[in-house]
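Asker: For reference, the chains in residue letters:
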Amino acid sequence: MNRKKNILIAGAGPAGLEAAYRLSMMGFSPILVEKEEMPGGHLNKWDRLFPEREAADEILERLLSRVKNDVNIKIFTSSYIEQINELNDSYNVILSTGVTIIAEAVLITTGFDLFNASRKEEYGYGIYERVITNADLESWFKGNGKIPVENPQSIGFVHCVGSRDEKAGNRHCSKVCCVTAVKQAIEIKEIFPHATVYCFYMDLRMFGRHYEDMYLEAQQKHGIRFIRGRVSEVSENKEGRLVVKAEDTLAGKPVKATMDLLVLMAGMTRPASSASLYEQLDLSMDEDGFLRQSDAILNGQSNHRKGIFVAGACTGPKTLPDTIHEADSAAMAIYEYLNRMTV
Amino acid sequence: MKERIIIGFDSFVIPFMVGMIFILAYCIIGLVRIICRLEPSDRKRLFISLVTPKTILKNIRDIICDCLLHVKIFRRNLMLGYMHASIAFGWFMLIVIGHIEVWLYTPHRQGLLYYPVFFRYFVKETNHTLKGAFFFFLMDLFLLMVLSGIGIAMFKRIRSSIVGMRRTTRASLTDTIAMYALWAIFPLRLLAESFTAGISGGGFLTKPMYWLFHNFLSKDYHILPTWWAYSIALGIFFFMLPFSRYMHIPTEAVLIVFRNAGIKIRHPRKGYSELQIYSCSSCGICIDACPMVTHKKNIKYSSVYFMRFLRRKNRKKTREIADKCLMCGKCVAICPVGVDSCELKRKFRNADKALPARNYDLLEVSEEKKPAEKDKILYYAGCMTQLTPSIYKSMEKILGAAGADYEFLDREGGICCGRPLLLSGNEEAAAELIRKNTEAIMNSGAGTLLLSCPICYKVFRENYDLKGIRIMHHTVYIDNLIKEGKISVKNSGKNLVYHDPCELGRGSGIYDEPRNTISMIGNLKEAAENRKSSICCGGSLGSLTLSSEDRAAVTKHSLKNLTYMNPEEIITACPLCLKTFGTYSEIPVKDIATAVAGNITCKNKKDKE
Numbered sequence: 000m001n002r003k004k005n006i007l008i009a010g011a012g013p014a015g016l017e018a019a020y021r022l023s024m025m026g027f028s029p030i031l032v033e034k035e036e037m038p039g040g041h042l043n044k045w046d047r048l049f050p051e052r053e054a055a056d057e058i059l060e061r062l063l064s065r066v067k068n069d070v071n072i073k074i075f076t077s078s079y080i081e082q083i084n085e086l087n088d089s090y091n092v093i094l095s096t097g098v099t100i101i102a103e104a105v106l107i108t109t110g111f112d113l114f115n116a117s118r119k120e121e122y123g124y125g126i127y128e129r130v131i132t133n134a135d136l137e138s139w140f141k142g143n144g145k146i147p148v149e150n151p152q153s154i155g156f157v158h159c160v161g162s163r164d165e166k167a168g169n170r171h172c173s174k175v176c177c178v179t180a181v182k183q184a185i186e187i188k189e190i191f192p193h194a195t196v197y198c199f200y201m202d203l204r205m206f207g208r209h210y211e212d213m214y215l216e217a218q219q220k221h222g223i224r225f226i227r228g229r230v231s232e233v234s235e236n237k238e239g240r241l242v243v244k245a246e247d248t249l250a251g252k253p254v255k256a257t258m259d260l261l262v263l264m265a266g267m268t269r270p271a272s273s274a275s276l277y278e279q280l281d282l283s284m285d286e287d288g289f290l291r292q293s294d295a296i297l298n299g300q301s302n303h304r305k306g307i308f309v310a311g312a313c314t315g316p317k318t319l320p321d322t323i324h325e326a327d328s329a330a331m332a333i334y335e336y337l338n339r340m341t342v
Numbered sequence: 000m001k002e003r004i005i006i007g008f009d010s011f012v013i014p015f016m017v018g019m020i021f022i023l024a025y026c027i028i029g030l031v032r033i034i035c036r037l038e039p040s041d042r043k044r045l046f047i048s049l050v051t052p053k054t055i056l057k058n059i060r061d062i063i064c065d066c067l068l069h070v071k072i073f074r075r076n077l078m079l080g081y082m083h084a085s086i087a088f089g090w091f092m093l094i095v096i097g098h099i100e101v102w103l104y105t106p107h108r109q110g111l112l113y114y115p116v117f118f119r120y121f122v123k124e125t126n127h128t129l130k131g132a133f134f135f136f137l138m139d140l141f142l143l144m145v146l147s148g149i150g151i152a153m154f155k156r157i158r159s160s161i162v163g164m165r166r167t168t169r170a171s172l173t174d175t176i177a178m179y180a181l182w183a184i185f186p187l188r189l190l191a192e193s194f195t196a197g198i199s200g201g202g203f204l205t206k207p208m209y210w211l212f213h214n215f216l217s218k219d220y221h222i223l224p225t226w227w228a229y230s231i232a233l234g235i236f237f238f239m240l241p242f243s244r245y246m247h248i249p250t251e252a253v254l255i256v257f258r259n260a261g262i263k264i265r266h267p268r269k270g271y272s273e274l275q276i277y278s279c280s281s282c283g284i285c286i287d288a289c290p291m292v293t294h295k296k297n298i299k300y301s302s303v304y305f306m307r308f309l310r311r312k313n314r315k316k317t318r319e320i321a322d323k324c325l326m327c328g329k330c331v332a333i334c335p336v337g338v339d340s341c342e343l344k345r346k347f348r349n350a351d352k353a354l355p356a357r358n359y360d361l362l363e364v365s366e367e368k369k370p371a372e373k374d375k376i377l378y379y380a381g382c383m384t385q386l387t388p389s390i391y392k393s394m395e396k397i398l399g400a401a402g403a404d405y406e407f408l409d410r411e412g413g414i415c416c417g418r419p420l421l422l423s424g425n426e427e428a429a430a431e432l433i434r435k436n437t438e439a440i441m442n443s444g445a446g447t448l449l450l451s452c453p454i455c456y457k458v459f460r461e462n463y464d465l466k467g468i469r470i471m472h473h474t475v476y477i478d479n480l481i482k483e484g485k486i487s488v489k490n491s492g493k494n495l496v497y498h499d500p501c502e503l504g505r506g507s508g509i510y511d512e513p514r515n516t517i518s519m520i521g522n523l524k525e526a527a528e529n530r531k532s533s534i535c536c537g538g539s540l541g542s543l544t545l546s547s548e549d550r551a552a553v554t555k556h557s558l559k560n561l562t563y564m565n566p567e568e569i570i571t572a573c574p575l576c577l578k579t580f581g582t583y584s585e586i587p588v589k590d591i592a593t594a595v596a597g598n599i600t601c602k603n604k605k606d607k608e
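So the sequence lines, in the order shown, correspond to chains A and B.
First residue of the first sequence? That's 0 in numbering that gives the first Met the number 0, and the numbers climb one at a time after it.
First residue of the second sequence? That's 0 in numbering that gives the first Met the number 0, and the numbers climb one at a time after it.
Okay, chain A solo, but in the shape it has when bound (with noise of 0.2 Å):
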């Protein structure tokens, strides 16, 4: 009886497709719709993953299979949501390339958007070549393109880069740049083990299981220097190398670093080409611009809105694991809401 229920699930990044399979392992008939032509969403992009270094392509390639061989999940890509209407009990979704479908709950995996660097423009991304993004440097380590200097001798990894910045109109914690950052840090002293490489941070939020292991994996096994301290600003010199300015606050004094290249930790926002489809669905907002949760605590995967279920980044920025959990609960919230059954 519930195959003929649909679910349509908006985005296919890793909590869409770790619910569409939970979802078809219910008994429903999952619904991805996807903007980008690959699912997958920022782990496309992503070389290896925190704590333990696992290969991002592997994790996505078990996430994927078990979707690509499932008959009653359907997925459709290079599409986004154009029109969204709430009909009693269901919903009529209109899709960019015309296709319309009836679905029977909705659920919200959008995600996020990582900061776009150059809005701070003291950290000079865009303007000098050699500053690149958290992102830009992971891309570079799954072998595409090339980093924009052959044999940098000093690094740094500038943390909270539109994170924790209220003038950048970000006041949240990304959350994982933190260990990001260390893991980064790790793998580029590894690539290039006589280059110096430091890391400006505000604090580290090294939260997780295994994180403080790989904290101190960096300072003492790779000799990475942390310094606590933001950096203020980015200049060139005339051969072209980056003179960083920032505050030493343990040290209480302002320093200043020659470096070769600077990996900005961009943090997570709210997914810009979503707004239509939040604006469409009256879902509400906190400051930060993630959805909010009806009940963070016992039903965070619900909204206030009936048939509406949200899972992953979108509700404010998560760590892999957290994301495939809440897709998990997602199917189940989800399961519990079309069988008409109460918490």
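None of these hints come from the bench; they were simulated from the model.
Incorrect hints may have been included.
Said to hold, decoys possible - Now the stretches of chain B that chain A is said to cover, found in silico as 3 or more residues with beta-carbon under 8 Å:
1) 384–391
2) 542–554
What the hints assert, rightly or not - Every beta carbon over 12 Å from chain A, so not counted as near; a handful from chain B, in silico:
3) I34
4) R42
5) I62
6) R169
7) A350
8) L361
9) L577
Stated by the list, open to error - For lysine-lysine, the following BS3-like pairs were computed, each having C-alpha atoms within a straight-line distance of at most 25 Å:
10) B/K531 x B/K263
11) B/K396 x A/K237
12) B/K43 x B/K57
13) B/K392 x A/K237
14) B/K123 x A/K166
15) A/K67 x A/K34
16) B/K368 x B/K435
17) B/K392 x A/K166
18) A/K166 x B/K296
19) B/K555 x B/K531
20) B/K1 x B/K206
21) B/K71 x B/K531
22) B/K435 x A/K255
23) A/K244 x B/K435
24) A/K44 x A/K34
25) B/K435 x B/K346
26) A/K237 x B/K369
27) A/K166 x B/K555
28) B/K435 x B/K466
29) B/K269 x B/K296
30) B/K123 x B/K218
31) A/K244 x B/K396
32) B/K295 x B/K555
33) B/K299 x B/K316
34) A/K166 x B/K295
35) B/K375 x A/K244
36) B/K368 x B/K466
37) A/K166 x A/K252
38) A/K252 x B/K435
39) A/K166 x B/K323
40) B/K396 x B/K485
We treat Cβ as the ideally placed atom computed from N, Cα and C, and that holds for glycine.
Starting from the known structure of chain A, arrange chain B on it as the hints suggest.
Answerer: For chain B alone, kept in the frame of chain A given last:
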């Protein structure tokens, strides 16, 4: 002409006289106190200005234009201007003509303060003589003028939009009492004079009124009580004057004299500042102007409330508003009285601030003194420009294309200009930075100091003593380069809107040069409110406590104002505005230097080679 009362006195003048003597004594004592509080140098300046013919003329002109005719308000809104001018000028003329009448008809009564006011009661006249008809006509005309103004004022209380004001100030209790007294004065005068018109004569207004009332008020019992009421209304108004907003009427004229003498605000509350405080008429024009008033709840942040709390010595609320203010200066620019509330706020921030001991050892300046070269340009990017490298890179390109001989003062790091410290009220620390920067600039030997940041520009012009060095903002420099043909630019054909940064426009009076330049590289569009009325971007360093949500609201409001003509790009000339708009703007925002550098044609470079 005949005097009706031989002794020239009636007991109904007592309320008026009590009020009059009270207010005169209050004003004289207040004025003496303020003069005593002035710094000796300021006092000297004041006395010199009082005997300088040029300043005297300026004082007279300003007092007539501002206090009587309210020219500034007329420019803003005709109806509002008429309301103020009719009451002020009409009332002034009633007083003047009253005195002329006394002088002409009853010279022996000169010096009696009440005589011109209650002239119609004491003196009988007929309009059959030319002189009588003339004065009756004039007095009735000006009374009618005042009454029309009062009528508008009453209607304004119900619908302020008729005088072009969206929001007005909430009146305090004393303001309300004084206001009702003021409203009562002239209708009562009309009634009193009309009732007496049968005996003393009247003009085109009072005589018909007399005939009208005469039909049903046959006895004369109501005459004296009406004169009593008129006198009491005047007495109450005078008595309430020092405790109400109407104190601006006598104070404003004194403020004009002090301001023209060149006296500066030195203390947030005392001396000259007291004149500023009492000159605020609480009109509330600054409420609509204040960029922070994007929501109704923020009305309390506008300058009118700052002045009110400062006057009431409410330290807590005064401090809150003083710290909140963006210091964009729009309220000062449009204030009809010219109250410099921003400077008062700045002084207030400066007062009794407990500051930690500071260490200035990190401020390093090269000791080397270079020979003076008149043509050399010293480029000081400033902190905010350092944080927006697109601007100084563009400036380097422009300077290169113009073949200018320049030195980049703070390429490898520099010292802040000091304005943020000044704005936050840390004058001492600012003085230290100013001293160090002055040393560095004087050592460079350059003839021109070129700046990209209006915040720096303002402080270098106003607080630095850089003898012999020309201080220029890049908007002016670029405009000169184009005019002199040192660089040539192509017109991109794009629709560009120019945002007047507060510190460059209202702060330094530069409006035209950037507009000239922009019309060379595209089609200049104007914002809905521009130039003197331009709206702060919301990123101002001026505010110490404004929340980021409120700032965001200011920015969005300002962007809406800028994009009113649907421009393709926003051009500004301040790195801080650039940064602030960049966060929320849907269309590209550029500094004027970047826009020019992008449209520079290489022709001149070749010529040089």
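Asker: With reference to the structure, classify each hint as holding or not holding.
Answerer: Results for each hint:
1. 384–391: holds (count 5)
2. 542–554: The restraint on the region 542–554 of chain B holds, since 3 of its residues have a Cβ under 8 Å from chain A and three suffice.
3. I34: 47 Å, holds
4. R42: 46 Å, holds
5. I62: 46 Å, holds
6. R169: 30 Å, holds
7. A350: The assertion about B/A350 holds, with a minimum of 28 Å to chain A.
8. L361: 7 Å, violated
9. L577: 8 Å, violated
10. B/K531 x B/K263: 22 Å, holds
11. B/K396 x A/K237: 15 Å, holds
12. B/K43 x B/K57: 18 Å, holds
13. B/K392 x A/K237: 13 Å, holds
14. B/K123 x A/K166: 75 Å, violated
15. A/K67 x A/K34: The hint holds at about 17 Å.
16. B/K368 x B/K435: 14 Å, holds
17. B/K392 x A/K166: 23 Å, holds
18. A/K166 x B/K296: 23 Å, holds
19. B/K555 x B/K531: Status holds; Cα separation ~19 Å.
20. B/K1 x B/K206: 18 Å, holds
21. B/K71 x B/K531: 13 Å, holds
22. B/K435 x A/K255: OK: B/K435 and A/K255 at ~21 Å, within 25 Å.
23. A/K244 x B/K435: 21 Å, holds
24. A/K44 x A/K34: Status holds; Cα separation ~15 Å.
25. B/K435 x B/K346: At roughly 23 Å apart (the allowed maximum being 25 Å), B/K346 and B/K435 satisfy the hint.
26. A/K237 x B/K369: Holds, because 23 Å separates the two Cα atoms, which is no more than 25 Å.
27. A/K166 x B/K555: Given pair A/K166, B/K555 holds - Cα atoms ~14 Å apart, limit 25 Å.
28. B/K435 x B/K466: Status holds; Cα separation ~15 Å.
29. B/K269 x B/K296: At roughly 30 Å apart (the allowed maximum being 25 Å), B/K296 and B/K269 break the hint.
30. B/K123 x B/K218: Holds, at about 19 Å.
31. A/K244 x B/K396: 24 Å, holds
32. B/K295 x B/K555: 16 Å, holds
33. B/K299 x B/K316: Roughly 9 Å between the alpha carbons, so the hint for B/K299 and B/K316 holds.
34. A/K166 x B/K295: With a Cα-Cα distance of about 24 Å, the restraint between A/K166 and B/K295 holds, given a limit of 25 Å.
35. B/K375 x A/K244: It is violated: about 29 Å lies between the C-alpha atoms, which goes past 25 Å.
36. B/K368 x B/K466: Cα-Cα ~16 Å, so holds.
37. A/K166 x A/K252: At roughly 23 Å apart (the allowed maximum being 25 Å), A/K252 and A/K166 satisfy the hint.
38. A/K252 x B/K435: 20 Å, holds
39. A/K166 x B/K323: With Cα atoms ~17 Å apart, A/K166 and B/K323 stay inside 25 Å; holds.
40. B/K396 x B/K485: 13 Å, holds
Consistency note: the structure conflicts with the earlier hints numbered 8, 9, 14, 29 and 35.
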